[in-house]
Structures are given as C-alpha cells and as structure tokens.
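Peer 1: Given next are the chains, with one letter for each unit.
Protein chains: 2
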Amino acid sequence: MALKNLEEIARGAKAASLILAGVPTESKNKALVAMADALEAHSAEIIKANQQDLEFARRENLPGPLVARLAVDEEKVRGMARGIRSVAALPDPVGQHQLAMELDEGLTLTRVSCPIGVIGAIFESRPDAVPQIASLCLKSGNAVILKGGAEAQNSNRILVEKLREAIGTVEGVPQDAVQLIETREEVSEMLKQDRFINLVVPRGSNAFVRYVQDNTRIPVLGHSEGICHVFLDADSDPAKAVKIALDSKLQYPAACNAMETLLIHSSTAANVLPDLCAGFRDKGVEVVGCVRTCSLVPDLKRAEEGEWDSEYNDLKLSIRLVDSLEEAIEHINRHGSGHTDTIVTENAASAERFMNEVDSSSVMWNASTRFADGFRFGLGAEIGISTNKTHARGPVGLEGLVIYKYKVKGGGQTVGEYSGAGGKAFTHRKLPTPE
Amino acid sequence: MALKNLEEIARGAKAASLILAGVPTESKNKALVAMADALEAHSAEIIKANQQDLEFARRENLPGPLVARLAVDEEKVRGMARGIRSVAALPDPVGQHQLAMELDEGLTLTRVSCPIGVIGAIFESRPDAVPQIASLCLKSGNAVILKGGAEAQNSNRILVEKLREAIGTVEGVPQDAVQLIETREEVSEMLKQDRFINLVVPRGSNAFVRYVQDNTRIPVLGHSEGICHVFLDADSDPAKAVKIALDSKLQYPAACNAMETLLIHSSTAANVLPDLCAGFRDKGVEVVGCVRTCSLVPDLKRAEEGEWDSEYNDLKLSIRLVDSLEEAIEHINRHGSGHTDTIVTENAASAERFMNEVDSSSVMWNASTRFADGFRFGLGAEIGISTNKTHARGPVGLEGLVIYKYKVKGGGQTVGEYSGAGGKAFTHRKLPTPE
Chain L
2 MALKNLEEIA
12 RGAKAASLIL
22 AGVPTESKNK
32 ALVAMADALE
42 AHSAEIIKAN
52 QQDLEFARRE
62 NLPGPLVARL
72 AVDEEKVRGM
82 ARGIRSVAAL
92 PDPVGQHQLA
102 MELDEGLTLT
112 RVSCPIGVIG
122 AIFESRPDAV
132 PQIASLCLKS
142 GNAVILKGGA
152 EAQNSNRILV
162 EKLREAIGTV
172 EGVPQDAVQL
182 IETREEVSEM
192 LKQDRFINLV
202 VPRGSNAFVR
212 YVQDNTRIPV
222 LGHSEGICHV
232 FLDADSDPAK
242 AVKIALDSKL
252 QYPAACNAME
262 TLLIHSSTAA
272 NVLPDLCAGF
282 RDKGVEVVGC
292 VRTCSLVPDL
302 KRAEEGEWDS
312 EYNDLKLSIR
322 LVDSLEEAIE
332 HINRHGSGHT
342 DTIVTENAAS
352 AERFMNEVDS
362 SSVMWNASTR
372 FADGFRFGLG
382 AEIGISTNKT
392 HARGPVGLEG
402 LVIYKYKVKG
412 GGQTVGEYSG
422 AGGKAFTHRK
432 LPTPE
Chain U
2 MALKNLEEIA
12 RGAKAASLIL
22 AGVPTESKNK
32 ALVAMADALE
42 AHSAEIIKAN
52 QQDLEFARRE
62 NLPGPLVARL
72 AVDEEKVRGM
82 ARGIRSVAAL
92 PDPVGQHQLA
102 MELDEGLTLT
112 RVSCPIGVIG
122 AIFESRPDAV
132 PQIASLCLKS
142 GNAVILKGGA
152 EAQNSNRILV
162 EKLREAIGTV
172 EGVPQDAVQL
182 IETREEVSEM
192 LKQDRFINLV
202 VPRGSNAFVR
212 YVQDNTRIPV
222 LGHSEGICHV
232 FLDADSDPAK
242 AVKIALDSKL
252 QYPAACNAME
262 TLLIHSSTAA
272 NVLPDLCAGF
282 RDKGVEVVGC
292 VRTCSLVPDL
302 KRAEEGEWDS
312 EYNDLKLSIR
322 LVDSLEEAIE
332 HINRHGSGHT
342 DTIVTENAAS
352 AERFMNEVDS
362 SSVMWNASTR
372 FADGFRFGLG
382 AEIGISTNKT
392 HARGPVGLEG
402 LVIYKYKVKG
412 GGQTVGEYSG
422 AGGKAFTHRK
432 LPTPE
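Protein chains in written order, with our numbering: chain L, 2 to 436; chain U, 2 to 436.
Keep in mind the hints are simulated off the structure, nothing from the lab.
On a predicted model such as this, the values are computed, not experimentally measured, just so you know.
Warning: the hint list may mix true and false statements.
Any copy will do: because identical chains look the same in the list, a pair fits if it lies in one copy or spans two.
[Claimed, not checked] Calculated cross-link-like contacts (lysine-lysine; reagent style DSS-like; alpha-carbon spacing at most 25 Å): (1) LYS284 <-> LYS31; (2) LYS5 <-> LYS193; (3) LYS317 <-> LYS302; (4) LYS425 <-> LYS284.
Based on the provided sequences and hints, a complete structural model is requested.
Peer 2: Below you can see the structure in the form of structure tokens.
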C-alpha cells in the first residue's frame, strides 16, 4: 500500500478543524447520531472485515487475549453505536464561559472554551477505540487523525469509512473531521506535522509513549504505565484492608489501575498477611515480598531488585512492609507512576496527609484503585487516563479535549489611554459568566 | 566555572516540590514577604553586582536597548519587591475544589487543584524576571530551576542568593524551591531531566522555543513569536480604525502583542489609508504594502514574499487589502502565530464570526492588540504569554502553574460490588464544591 502524504492529511485535518470549531452543537450531535446509525446499518460488513483481521491474527498465532479484544460481533457493533449516542447526549464542552470581567466601562473580557484543533490518536488492537475516540473528538470540535493497530487494519478501515460517510450526510460538518492512517512510517511522518497537529494522544506501553515524546515537538497527552499502590496503614480496619487489596489486584489485573505493590504498616502486618496471602493464593496470584514480609509468610518468594518499579498487569504482586506513613508516601512517590494510590485507614488525619502528599492523579481513602476510571468517576466517556502533570490528568473526557480563548470587546479603546501619569485606570470587576 | 550536576539539582527540586505542595498559604506568603524584604535590604549589593554585568555589556558593545533592560537601580529593586508582595496578596491557586460528586452513598469524588511540581524557566536579560518567576512558582507551590541570560549573570546570582536566604528563614519552606543554573550546557542537561522536571517554560525567540521542543520530552509551555493582526472591516468606523491601528503598532513596538500586519477591507481602504499612512510616517514607521495598497499609496514599498510571516518587533508594518471577512480570517489563520488579533467593525455579526473563527489565544473587537497582557486582563502577574493550544493559552498567571488531582473517599468499597448483573449502581450526583 502506498504511503499517504501526511502533510496533506494533516493540512486537511487543520482545515476541517477550523470549520468544526464553529459548527453548532445540534449539527455535531446530528453527525454523531448518523455515525451510530451507520455502524448498526453496516454491521454485517463490519463483522466481515473483522473476520479477515481475526484470520490473520490466528495465522500469525497472536496471543489469545489480543485476539479476544480484536473480535467484533453484532453485540459489539451495537455497543459502539451506544457509545457514540452517549457522547451525543453529553453537554457540549465548547463555548462554555469560564470567566467574565469588566476591564473598564465599555471594555469587557471573557474566556470561552474552544476546541484544541487537530488531535493525533494512536492506539492498539481494540476496534471499539475507533468510534469512541472519533466521537469524543467530533463532539469537542476537534479533527482527529487515527492510527490503530496493524492487526485491526481491516476493521478500522471499514469503521472509518462508514463514520466518514455518515459525517458527509450532515451539512456543515467536514468529512475530514475523521481520518485514518495505517503504518508506522505514517506515524513517524505524522509526528513531524507540528504546524497542523496540536496534540498527540498515544495509548500503549510506557516505552511507546516515550518514543512518541522523543520524536515530536507536538504536545503529548501520555497514557503510560500504572504502578498503583495500596497502603494498609497502622490504623486500618483489617476487613476493609483485605477486601480493598484483593479487589485492587483481582477485579481486572490487566488494567492500568490495578494494584502492583501492596505496602503494609509493620504493626498491622501480622493481622492481615495470613488472610491476604490465602486470598491471593486462591486466585493464583504469584506474590513476592520484602525480607520482612517473607519472614512472616515463610513460603513467599523474595522480591528482586526492580520489582518495586514493575507493572505486572497480571496475576503477580509485590508486598513490602513499612514502618510509617511517611515511608509509604516516600515509596509511592519514588516508585509509583503517578496513576492511582489508596490508603486504607480509620485515621482521618493520616488519610488527608496521604492524599495531599502522594503525587498521583488519583488518590483514594478506603476505596479500591480500580475506581479510577472516567465512567466510574461520572465524567462520561474517556479518551484515556493521563499520567501528564499538565493540561489534563487522570481520567480524561471531553473536558481534556478543549482549551480556551480570551475575547475582548471594546468601543475603540487604546492602551495609550491607560498608560503613564493621568492615564485611565482599569476597573477589573468580575462579571457573572453568561450561560 | 564547574558545571553543576543537573541530576542532583533536579532531584533536589523534586524533593522540595513534594514538600512545597503541602506548605500552607500562610507560610508561602511569609516566605514571599521575606523575599521582598531581603531584596530591599540588600539593594546596594544587588546594584553593585549589576554594575559588573553592565560593565561587561559595555565592554562587549551589547546593543543599547539590551543594556537598558539589564540595568538595575534602587527604584528597580523596589519594583521587584513590590512585584513579589503583589504575588503574596493574590489568592492561593492550590487547594481549590473544582468539582465534587457523590459516586454512591458514602463514596465521594473531589477534584482539587495542586502544584505541577518542578518548573524549568529559561529567560533572557531582564534581572526582574528572577523575582517575578520565583515568586509565581513559590506561590503556586512549584519548585523552580531558573536560567537567565549570561549577560545578567552577576545580577541573577545575587538575586537568587538573597531570595534563597529569605526562604530559609521561614520554617517548613524548602530553600531548594528556587535554584539557579547558568550555562547553555546546563540547560541542555536540564532538558534531559524528565524524571524530575514537569514543565519547561522558555521565553525567547521562536527558534529558541523550537530548540527546546526538539530537545526534551518534558512538556513545554511555549512563549514564541507574536504575529498579530488588526483587520479593518468594511463596516469599521474610520476614526476607531485609525486610532486602534496606530496604538496596536506604536504603543510599544517591541512587544509580542504589537501589530505586525494590518488587513484592510478594500471597500474602506480609500477612507483610512491616507490618515493611517500619515500617522505611521509621522512616527517613523516603515510601511510595506500589497500591490493594491501600493496602487492607492504611491510612495509605498512593495511587501516581499515572506513579509506576511514576519515578526518585526520594530517600527515596520505590512498592509494588505482583502475583499471579505472570510479572506481576513483565512489570512490570519494561515500567517498569524495564534497570539492576538483584532477586528474593527460596527457590525456585531462580523465581530462574532471573527472572534469565533480566528484561531488565536486572544481575539478582540474594537480594541488594541496591546491589551493582551496578564496585568491588563486583571489576571495578576504573568509568567508569560503562551502560544500553546494545550494546558494554558494566552497570558498565563498562577492558574497556569497548577494542575489537579482526584480524591476519592470511601468506606471500604470495591469495584467488584459495582460489577455484573445485580451489581450496585453509581449515583453520580453533583455536590456543592467546598470553599
């Protein structure tokens, strides 16, 4: 297949984004509903294309879980359509007044949310990511260039084709709001288009996110690893402690918000370790521990150096004993990935301190790490979980896909009038923000 | 001078930032007041160190305007102290509740603003930037690594020394909140410290900002060029048009928010060009024009190719005639730098369309481009004007130096309880945000 001209694609996306920024909510929602309808109407074609990907995956002996995530059936297509319709039902994040101020009589300032522009989104095998990301970007007025996994190529191609056809039926909404690229070479070309692309959203391994950061001057909204911790404080309730630790590891071990390391205050270790280790053993979790953990649970394997920095994403867990809240916080800030960390305690002061000092996007008190998720947080559909410290952090929904602009309305004012001795003074009076 | 070990400096900044994140507003303000007092108390020493820089500048025949910006006298030191005290008087941007939601009975989510962490700030000759940036970072709970211009080396060194001494007098505020590096080699080492530094703020030329973007995986808050436009619409009031155009160019031509290109609707050109050209000629502005402008003003020089993409920052201006509002918007989105653009018109619909479709951080209607500034916007002191499309855009004050974290408080809940058939449902009920 011939390489697409990425400059042309990016330029087209930029042009589409400038139009999209002014498209009224109603038209965007109409396009979204048309997109959902189109997927359902072409369900058979989509499933047929997906069969080709599945055959390829089986021929290439791709791992079972990957093949499972790749598969699309009628119910999956209906789920995609439902997802798009739920995005249509969300409030429009564009055009929100964030601030209004009188600078002087007859001179006002407002700050209004607006789209970012062009998003480059790179993700892996699940074809459901195509309608999900496309709908979030369209609703927020952004044009998107999608790059899915090579193993989902046929599925992604037909999904994008049907989405673009649907967009084309709604007047005023540019078809280039959604475009697809397919090869690694195209990704590397895309990363050079900083004149046209405003944000790159890579979903994948930590190494991949770093590769993207190293090869572009476009801002990157990173979704990298999750080394999440649960800390069982000296004042923790043993029943809650065991329940939360088991859920954080076992509810969905492959998720980025699953626990990888369990920290236990040495004073409570003897109370909880037997139940915990039995619980994990029952579910086939391989547990490794620090020296002191191993001395309490004799059949445990010793944790190796580097274990505290590992994201297993699997039925494996490391346990370390600490002697204080401070030591737990320090361990997390040193070895964690700034994703999600929980303290189990009945001591409110310790909980507050933990939540303030642990430098992670989600910090929790007496709740499972697995709650860190856009849907569970009630934020609507999410484009991913960001480990950035700027722009958007934690579960990122529509709000993370907009920025703002300042609007000044005057009656001919010049800065000269406000300068020097005898110059006019600013009033800087806050005004109510318009709805 | 020996190179500092940048990893050590960055690690120290990170450690300081984790402490700073929990320092109460009162202590931060106490440190700020101590910083202001220290500069005033050591005014003579600071001026003496500045003399060395000025002598060097004269010996090296540095340009006059640069030497002028470099000079520090007693009034300048008092100005620095006043600036720091005004930052102390601003509300603390940390700990603001942005969102509160009940996820279920006994399970709540809040989103609270928090510092970004460690900021790397790179700027040029004005020594006033040292107390300004240091105070904004400290107030927002961030540790900062400063790199000023080599020509201000002695001034910057004593300023940072006095600021750090002052910080050291306030219990609980870590001295490494403010550190200084001095060489280009140290900057290039700093850009590698993405484990410890969370945001780089370069102030300088477009080429320099691009150099930074090309050499780091740390997010960059770019402050690059300002190619700002004024568009005189067909429905513009000629008196306002002339007044705003002159102010936008002349009030401070070296500023990034000064006008570089004047776009005039062809139907109004004959009304305004004579007065405008006379006004600019009076002030010594070199004007270049498109073919049609030159045919109306015979003694004008023709604009060369590339003129529309030039930031003069000087007494030079390019004028182009356009035949429609659309053409003006298109010109600005193609040639502008997304900084600040103004429409002069009496037509509200045209003004709205211009402000919505021009993709710049500040868009204005009947007001001078020179208003785009943190102080004039009433946002408090600014760290710079961002041309980014993510995180913070336009004039960036304290608000651009914070991010947020999600806090979940529960009573032992697991995600397992909310999963599958018969699982509990989320309530997702908005709560009032605590003060």
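Peer 1: Would you mind marking each hint as holding or not holding in the structure?
Peer 2: For each hint, the structure was consulted:
In this assembly of identical chains, the alpha carbons of LYS284 and LYS31 never lie at most 25 Å apart, being 47 Å within a copy and 54 Å across copies at closest. In this assembly of identical chains, the alpha carbons of LYS5 and LYS193 lie at most 25 Å apart only when taken from the same copy (14 Å versus 33 Å across copies). Taking the shortest alpha-carbon separations for LYS317 and LYS302, only the intra-copy value of 11 Å comes in at or below 25 Å, while the best inter-copy value is 74 Å. In the homo-oligomer, the alpha carbons of LYS425 and LYS284 lie at most 25 Å apart only across protomers (23 Å), although the nearest pairing inside one protomer, at 73 Å, exceeds that limit.
Checked against the numbered hints above, the structure breaks only hint 1 and satisfies the rest.
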